[in-house]
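The chain contents come next:
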Amino acid sequence: MKKWGMALRVTGVGFYVGGSIVLGVFAGLWLDSKLNTAPILVIVGLLLGLVVAFYGVWKMLAPFIGKERDKESI
Amino acid sequence: MPKRGRLGVPFSVIVGASLVLLALFVVSFLAGPVGRSIFGDLGLPSWLGVPRPDPRLPADTVFHLFGFPVTNSIIATWLTIIVLVGVSYAVAHRIRLIPGRLQSLLEFALGWLLNFCQEVAGEKNGRRFFPVVTTIFLFVIMNAWLSLLPGFGSILVTGAEGKAVHLLRGANTDINTPLALALISFVFVEYFGIRSLGLFHYLSKFVNVGQFSRGAGQLFRGKFRAGISGLFTGIIDIFVGFLETLSELVRIVSFTFRLFGNMTAGEILLLIAAFLVPWVLALPFYGLELLVGFVQALIFGGLTLVFFTIAVMSHKAETA
Numbered sequence: 001m002k003k004w005g006m007a008l009r010v011t012g013v014g015f016y017v018g019g020s021i022v023l024g025v026f027a028g029l030w031l032d033s034k035l036n037t038a039p040i041l042v043i044v045g046l047l048l049g050l051v052v053a054f055y056g057v058w059k060m061l062a063p064f065i066g067k068e069r070d071k072e073s074i
Numbered sequence: 075m076p077k078r079g080r081l082g083v084p085f086s087v088i089v090g091a092s093l094v095l096l097a098l099f100v101v102s103f104l105a106g107p108v109g110r111s112i113f114g115d116l117g118l119p120s121w122l123g124v125p126r127p128d129p130r131l132p133a134d135t136v137f138h139l140f141g142f143p144v145t146n147s148i149i150a151t152w153l154t155i156i157v158l159v160g161v162s163y164a165v166a167h168r169i170r171l172i173p174g175r176l177q178s179l180l181e182f183a184l185g186w187l188l189n190f191c192q193e194v195a196g197e198k199n200g201r202r203f204f205p206v207v208t209t210i211f212l213f214v215i216m217n218a219w220l221s222l223l224p225g226f227g228s229i230l231v232t233g234a235e236g237k238a239v240h241l242l243r244g245a246n247t248d249i250n251t252p253l254a255l256a257l258i259s260f261v262f263v264e265y266f267g268i269r270s271l272g273l274f275h276y277l278s279k280f281v282n283v284g285q286f287s288r289g290a291g292q293l294f295r296g297k298f299r300a301g302i303s304g305l306f307t308g309i310i311d312i313f314v315g316f317l318e319t320l321s322e323l324v325r326i327v328s329f330t331f332r333l334f335g336n337m338t339a340g341e342i343l344l345l346i347a348a349f350l351v352p353w354v355l356a357l358p359f360y361g362l363e364l365l366v367g368f369v370q371a372l373i374f375g376g377l378t379l380v381f382f383t384i385a386v387m388s389h390k391a392e393t394a
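These protein sequence lines map, in sequence, to chains U and R. Read in order, the letters of the first sequence correspond to residues 1 to 74 in the numbering used here. Read in order, the letters of the second sequence correspond to residues 75 to 394 in the numbering used here.
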């Protein structure tokens, strides 16, 4: 991918991290209020959001890290 | 004899205009809330100021059509569509070998966008993705720029609930429009992925049980060590597929909130600037908003393009 693709990938990172955490927390809050399980599902949602955030960021930034390390890690 | 001055404008006109602007700035500063709080009321007429803005997040309903509420942001969407279709029709209807001004502008914009698509996605795929990406780009940028025109947020009509509401409001300051755009982008990502890779190959990115079933098979054939390590990798694969599915959903949210947040913040910034120091201070922010509209359109279209490109890549090529 050329420089435009690279630049756009980096642009997407910020809101992606925020979005995944916020989505996880709100889904947890909503399920907690439905199922009366507060605060377990909020914590689960937050952790899941964090994992998705890290995974997505890693995927987006993988082309920058170098091919050899990339092959070994999955 | 060559004209003296800048850009063909004589110096006397430049100096005169600057003085008028400066005088306007001083007077409006003194009349606005900031000046009043520093210098007290100087007895300036109240029409110099701007009424206090009350930005509201949900769009107001203007009227009902077949039972559906029609909000002011939908009217702005229609206006954007009319402008885009009208300009395209006017240009495409009488296309010439030696282009006029409008045709040159459109040719330049479309050529630049096609080049952009092909640079990111490659020669063939760039051509395929070009219509969707360009439509999104043109819609977002036209929307952002139209909502800077006078009339947006200043024409008042009587709304459906009998209150005075704005007739027009930037469509992307209503969260439903960015959400709709994000969903369109999401649907096209899946469509291009399935078209390029086939349904099963594409879905195997999200439901990846191949390694797990291989491990189970080895376990049945008595190869315990290989079977257990196969099962373990299989579980990791399934979890990664789950994360892929979630990140696909998160993408919709992040697309929506990026566009909505930037557009709404821009509108509120303009309102507040015009309220604090009326008339002149809002001008530089209008320039800023032109830039923000362009950048947001570029990011929305460009990220859609990047996700198209990732979706049509084979999974093996993607991680390599």
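Where hints are given, some of them may not hold.
Beyond 10 Å from chain R on every Cβ pair, some chain U residues (computed) [stated by the list, open to error]: (1) Leu8; (2) Phe15; (3) Val22; (4) Leu23; (5) Leu31; (6) Ala38; (7) Leu41; (8) Ile43; (9) Leu48; (10) Val51; (11) Val52.
Here are the simulated SDA-like pairs of lysine to any residue, each with C-alpha atoms no more than 25 Å apart in a straight line [to be verified]: (12) R/Lys279 with U/Lys34; (13) U/Lys3 with R/Phe368; (14) R/Lys198 with U/Phe54; (15) R/Lys279 with U/Val57; (16) U/Lys59 with R/Val101; (17) R/Lys279 with U/Phe54; (18) U/Lys3 with R/Phe113; (19) U/Lys59 with R/Val108; (20) R/Lys198 with R/Val327; (21) R/Lys237 with U/Phe54; (22) U/Lys34 with R/Val327; (23) R/Lys279 with U/Ile40.
For the chain U half of the interface with chain R, some residues (derived, Cβ under 7 Å), not all of them [as the list claims (entries may be wrong)]: (24) Ser20; (25) Ala27; (26) Pro39.
I should point out that these hints are in silico values taken from the structure, not numbers from a laboratory. Model, not experiment: these values are computed from the prediction. For glycine and all other residues, C-beta sits at the position ideal for the given N, C-alpha and C.
Hints versus structure:
Non-interface call for leucine 8 of chain U relative to chain R: violated, since the shortest CB-CB distance, roughly 4 Å, does not exceed 10 Å. Chain R draws phenylalanine 15 of chain U into its interface by the beta-carbon criterion, the shortest separation being 4 Å against a cut-off of 10 Å. The non-interface label for valine 22 of chain U is inconsistent with chain R: the shortest C-beta to C-beta separation is roughly 7 Å, within 10 Å. Remark: the non-interface label on leucine 23 of chain U conflicts with the geometry, its nearest Cβ contact in chain R lying 5 Å away (cut-off 10 Å).
Distance check on leucine 31 of chain U: its Cβ is at least 15 Å (rounded) from any Cβ of chain R, clearing the 10 Å threshold; non-interface status holds. Alanine 38 of chain U, annotated as away from the interface, keeps every beta carbon of chain R farther than 10 Å; the closest lies near 22 Å. Distance to chain R confirms leucine 41 of chain U as a non-interface residue, since its nearest Cβ pair spans about 15 Å, more than 10 Å. No beta-carbon of chain R is positioned within 10 Å of the beta-carbon of isoleucine 43 of chain U; the least distance is around 17 Å.
Residue-level check failed: leucine 48 of chain U sits 7 Å from the nearest beta carbon of chain R, not beyond 10 Å. Non-interface status of valine 51 of chain U relative to chain R is broken: a Cβ of that chain comes within 10 Å, the nearest being about 7 Å off. Separation of valine 52 of chain U from chain R is inadequate, the least Cβ-Cβ distance of about 5 Å not exceeding the 10 Å criterion. The straight-line distance between the Cα atoms of lysine 279 of chain R and lysine 34 of chain U is roughly 32 Å, outside the 25 Å bound, and the hint therefore fails.
Restraint check for lysine 3 of chain U and phenylalanine 368 of chain R: satisfied, since their Cα atoms lie roughly 19 Å apart, inside the 25 Å limit. The suggested pairing of lysine 198 of chain R with phenylalanine 54 of chain U is violated, with an alpha-carbon distance near 32 Å, which exceeds 25 Å. Note on lysine 279 of chain R and valine 57 of chain U: the hinted pairing holds, with a Cα-Cα distance of about 17 Å set against a maximum of 25 Å. A threshold of 25 Å between alpha carbons decides the hint, and for lysine 59 of chain U with valine 101 of chain R the separation of about 55 Å lies outside it, so the pair is violated.
Taking the CA atoms of lysine 279 of chain R and phenylalanine 54 of chain U, the gap is near 18 Å; set against the 25 Å cutoff, the hint holds. Taking the CA atoms of lysine 3 of chain U and phenylalanine 113 of chain R, the gap is about 53 Å. The hint is violated against a cut of 25 Å. With a CA separation close to 48 Å, the supplied pair lysine 59 of chain U and valine 108 of chain R exceeds the 25 Å bound. Between lysine 198 of chain R and valine 327 of chain R the alpha-carbon distance is near 30 Å, which puts this suggested pair outside the 25 Å criterion.
Distance restraint check for lysine 237 of chain R and phenylalanine 54 of chain U: the Cα-Cα separation of roughly 47 Å exceeds the 25 Å cut-off, and the hinted pair is therefore not satisfied. The suggested pairing of lysine 34 of chain U with valine 327 of chain R holds, with an alpha-carbon distance near 22 Å, which does not exceed 25 Å. A C-alpha spacing of about 30 Å is found between lysine 279 of chain R and isoleucine 40 of chain U, which places the hinted pair above 25 Å, so the restraint is violated. Proximity of serine 20 of chain U to chain R holds as hinted, the smallest CB-CB distance being about 4 Å (cut-off 7 Å).
Given the 7 Å rule on beta carbons, the hint for alanine 27 of chain U is violated: about 10 Å separates it from the nearest Cβ of chain R. Against a cut-off of 7 Å between C-beta atoms, the interface hint on proline 39 of chain U is violated, since the closest Cβ of chain R lies about 21 Å away.
Of the numbered hints stated above, those contradicted by the structure are hints 1, 2, 3, 4, 9, 10, 11, 12, 14, 16, 18, 19, 20, 21, 23, 25 and 26, listed in ascending order.
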